[in-house]
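Generate the whole structure from the sequences, applying the supplied hints.
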Amino acid sequence: MSTVLSARAWETVWTYRATFVQGLLNTLETAGIALVIALIIGFTLGLFSTSGHKALKAVARVYVEFFQNTPLILQVCFLYYVLAYSGMGLPVIVVGFISLGLYHGAYISEVVRSGIEAVPAGQFDAAHSQGFEYFGMMRYIILPQTVRIILPPMGNQVVSLIKNTSCLYIVGGADLIASTYNFVTGDNTAGAYGPAYLVSGLIFFVICYPLSMLAVRWEARLKKRTAARPATQTTGEEATRDE
Amino acid sequence: MQAASSMISLDNVTKRFGSNEVLKGINLQVQAGEKLVIIGPSGSGKSTLIRLMNGLEEATSGHVSIDGHAMTHRHRAKLNREYSSMVFQQFNLYPHMTVLENLILAPMKLKGVSKEDAVKCAMENLKRVGLEEKANAYPTTLSGGQQQRIAIARALTMKSSIVFFDEPTSALDPEMVKEVLDIMEDLSKDNITMVVVTHEMGFARKVADRMIFCDGGSIVEEGTPEHFFTHPENERTKRFLSKILH
Ligand SMILES: Nc1ncnc2c1ncn2[C@@H]1O[C@H](COP(=O)(O)OP(=O)(O)OP(=O)(O)O)[C@@H](O)[C@H]1O
Ligand SMILES: [Mg+2]
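Heads up: the sequence lines are chains A and B, in that order. Per the numbering used here, the very first residue in the first sequence carries number 1147; after that it's consecutive. Per the numbering used here, the very first residue in the second sequence carries number 5; after that it's consecutive.
Hint data in this document are derived by calculation from the structure and do not stem from the laboratory. Just so you know, even glycine gets a beta-carbon here, dropped at the ideal spot from N, CA and C. It is possible that some hints are incorrect.
Pairs of lysine to aspartate or glutamate, EDC-like flavour, derived with a Cα cap of 16 Å [said to hold, decoys possible]:
{"#": "1", "chain 1": "B", "residue 1": "LYS115", "chain 2": "A", "residue 2": "GLU1279"}
{"#": "2", "chain 1": "B", "residue 1": "LYS39", "chain 2": "B", "residue 2": "GLU230"}
{"#": "3", "chain 1": "B", "residue 1": "LYS39", "chain 2": "B", "residue 2": "ASP219"}
{"#": "4", "chain 1": "B", "residue 1": "LYS82", "chain 2": "A", "residue 2": "ASP1271"}
{"#": "5", "chain 1": "B", "residue 1": "LYS124", "chain 2": "B", "residue 2": "GLU136"}
{"#": "6", "chain 1": "B", "residue 1": "LYS242", "chain 2": "B", "residue 2": "GLU226"}
{"#": "7", "chain 1": "B", "residue 1": "LYS210", "chain 2": "B", "residue 2": "ASP186"}
{"#": "8", "chain 1": "B", "residue 1": "LYS113", "chain 2": "A", "residue 2": "GLU1279"}
{"#": "9", "chain 1": "B", "residue 1": "LYS163", "chain 2": "B", "residue 2": "GLU86"}
{"#": "10", "chain 1": "B", "residue 1": "LYS39", "chain 2": "B", "residue 2": "ASP190"}
{"#": "11", "chain 1": "B", "residue 1": "LYS82", "chain 2": "A", "residue 2": "GLU1279"}
{"#": "12", "chain 1": "B", "residue 1": "LYS82", "chain 2": "B", "residue 2": "ASP71"}
Ranges of calculated distance between the beta carbons of each label pair, as one might list FRET restraints [as the list claims (entries may be wrong)]:
{"#": "13", "chain 1": "A", "residue 1": "ASN1215", "chain 2": "B", "residue 2": "PHE21", "range": "32 to 38 Å"}
{"#": "14", "chain 1": "B", "residue 1": "GLU120", "chain 2": "A", "residue 2": "HIS1199", "range": "36 to 42 Å"}
{"#": "15", "chain 1": "B", "residue 1": "PHE21", "chain 2": "A", "residue 2": "THR1216", "range": "36 to 42 Å"}
{"#": "16", "chain 1": "A", "residue 1": "PRO1356", "chain 2": "B", "residue 2": "ALA74", "range": "54 to 60 Å"}
{"#": "17", "chain 1": "A", "residue 1": "THR1216", "chain 2": "B", "residue 2": "GLU120", "range": "51 to 57 Å"}
{"#": "18", "chain 1": "A", "residue 1": "LEU1348", "chain 2": "B", "residue 2": "THR144", "range": "40 to 46 Å"}
{"#": "19", "chain 1": "A", "residue 1": "VAL1352", "chain 2": "B", "residue 2": "SER23", "range": "55 to 61 Å"}
{"#": "20", "chain 1": "B", "residue 1": "THR145", "chain 2": "A", "residue 2": "ALA1366", "range": "17 to 23 Å"}
{"#": "21", "chain 1": "B", "residue 1": "LYS115", "chain 2": "A", "residue 2": "ARG1363", "range": "38 to 44 Å"}
{"#": "22", "chain 1": "A", "residue 1": "MET1359", "chain 2": "B", "residue 2": "ALA36", "range": "57 to 63 Å"}
{"#": "23", "chain 1": "B", "residue 1": "LYS163", "chain 2": "A", "residue 2": "VAL1293", "range": "27 to 33 Å"}
{"#": "24", "chain 1": "A", "residue 1": "SER1197", "chain 2": "B", "residue 2": "SER118", "range": "50 to 56 Å"}
{"#": "25", "chain 1": "A", "residue 1": "GLU1279", "chain 2": "B", "residue 2": "THR144", "range": "23 to 29 Å"}
Structure representation (structure tokens):
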């Protein structure tokens, strides 16, 4: 058993650094593909839940509640083991991006929904009054405003998606956490717990911290912009002029 | 089908929000080219009435039609594209676009106008409202009066035969009201149909062919500005006018 201070343990980690780099690449690949899936699901369901169409709203609601109220790790296991035993086994990497994509799709759809709801009703009125149909209105007028509003929470979603790749270790994934785990339990490398987890954590931090900071910066910029809007509200009666 | 001369037609229209009956059996015809001014106290249903005309609200019962075509949620986009534009109390410019982009979006995306022609038309209309130099500015950097003039220019770029105005000067600081009213007055010389909800009695007197007074969800009185300002008949109309004219 070596400690954080053991030079030999650090040396082992350095020798096997490729393991960590590969783990990181796998994590980023899984997160990247999962993000694409999550965005597609998120925007689709976000549009469903703001469509005013009862059946579509219900679909979005059920989906969101289901995925937000069961543990991600259970969803991962379900997808991996249950499908494997029923003869439709999927490779771990595929299980990874599908389960993370479905799970974060639920969260992103809530972000998109609140972003659409944050666009003032007057914008919808203006679009309708000009003669836009639903899709044109969304594409040119509503969603471009939504995207600005949701950038900060989306940044947080990406961070949490990257961290959640760690759930894949339970089904033997090749992500960073799984690689670290295999490393510290491996035949040649066993025991270097402290340095290995420190390095692994540091890698996560180096990737996630700038993303979090970016989200914070976006949020601050957004606040400043909305605050800069001129306040010209007066009531009709007050503005009435005598002639 | 309505009589061909009726541009806008409301036939026994009611509107309820939940249990709140906001409009109670409205019958109203607006002729092509007519300038109609709608007045009435706050909450009397003026906005709801004008919003029914371009399908922003759907009637609970009765019929709304534009040039003989039934105005329903299903057909509003097509009818608005073809017939009408609207100017709102809160301007409702698209904040993520420059002034010029605000003006060319609908003609290009909805009418298939080329960018070159859309820009040309937009610049002409900006000139008309005296704000050509603001073409590349973002709306939120402009004053309320400027934003509303841009909104009017935007309405004009669709070359609509009807323009609706819902209290276009009510959100403006007093010193900006005139610049907007002057443009609207200038517009009234064009052969377009104007329906205007406003408290600006000077404007109504100069521009309106006909006025209607709404109260409690009904049209209480109807007539020429001359009629309203010299011998209104209904007690509620008299009370409202005396309050608003001080
Ligand atoms: N979307 C809505 N949902 C529920 N109630 C509404 C809605 N829009 C309007 N109302 C109600 O309908 C009534 C009439 O409103 P409306 O806005 O048409 O009046 P208005 O004459 O335009 O008043 P103002 O001068 O204040 O603009 C009000 O009691 C209002 O609260
Ligand atoms: Mg109103």
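query: Between LYS113/B and GLU1279/A, does the CA-CA distance stay at or below 16 Å?
result: 11 Å, holds
- prompt: Regarding THR1216/A and GLU120/B, is the given constraint of 51 to 57 Å on their beta-carbon distance met?
  reply: 56 Å, holds
- prompt: Is it true that the CA of LYS115/B sits at most 16 Å from the CA of GLU1279/A?
  reply: Holds, because 13 Å separates the two Cα atoms, which is no more than 16 Å.
- prompt: Taking the CB of PHE21/B and the CB of THR1216/A, does the distance hold inside 36 to 42 Å?
  reply: 39 Å, holds
field: Range agreement (Cβ of ALA1366/A with Cβ of THR145/B, hint 17 to 23 Å)
entry: 20 Å, holds
message: Check the hint pairing LYS82/B with ASP1271/A against an upper bound of 16 Å on the C-alpha distance.
response: The given pair, whose Cα atoms are some 15 Å apart, holds under the 16 Å limit.
query: Should the hint that GLU120/B and HIS1199/A are 36 to 42 Å apart at their CB atoms be regarded as holding?
result: Given about 39 Å between the Cβ atoms, the range holds.
query: Is LYS242/B close enough to GLU226/B, meaning Cα to Cα at most 16 Å?
result: Given pair LYS242/B, GLU226/B holds - Cα atoms ~13 Å apart, limit 16 Å.
- request: Go ahead and decide if the range 40 to 46 Å is satisfied by the Cβ distance of LEU1348/A to THR144/B.
  value: 43 Å, holds
- request: Decide if the proposed pair is consistent with the structure: LYS82/B and ASP71/B, CA atoms, cutoff 16 Å inclusive.
  value: This hinted pair holds, its Cα atoms lying about 13 Å apart.
field: ASN1215/A versus PHE21/B beta-carbon gap, inside 32 to 38 Å or not
entry: Given a distance of about 34 Å, which is inside 32 to 38 Å, the answer is holds.
query: Do the beta carbons of SER1197/A and SER118/B sit within 50 to 56 Å of each other?
result: 33 Å, violated
In summary, the structure is inconsistent with hints 3, 24 from the numbered list given earlier, while agreeing with the others.
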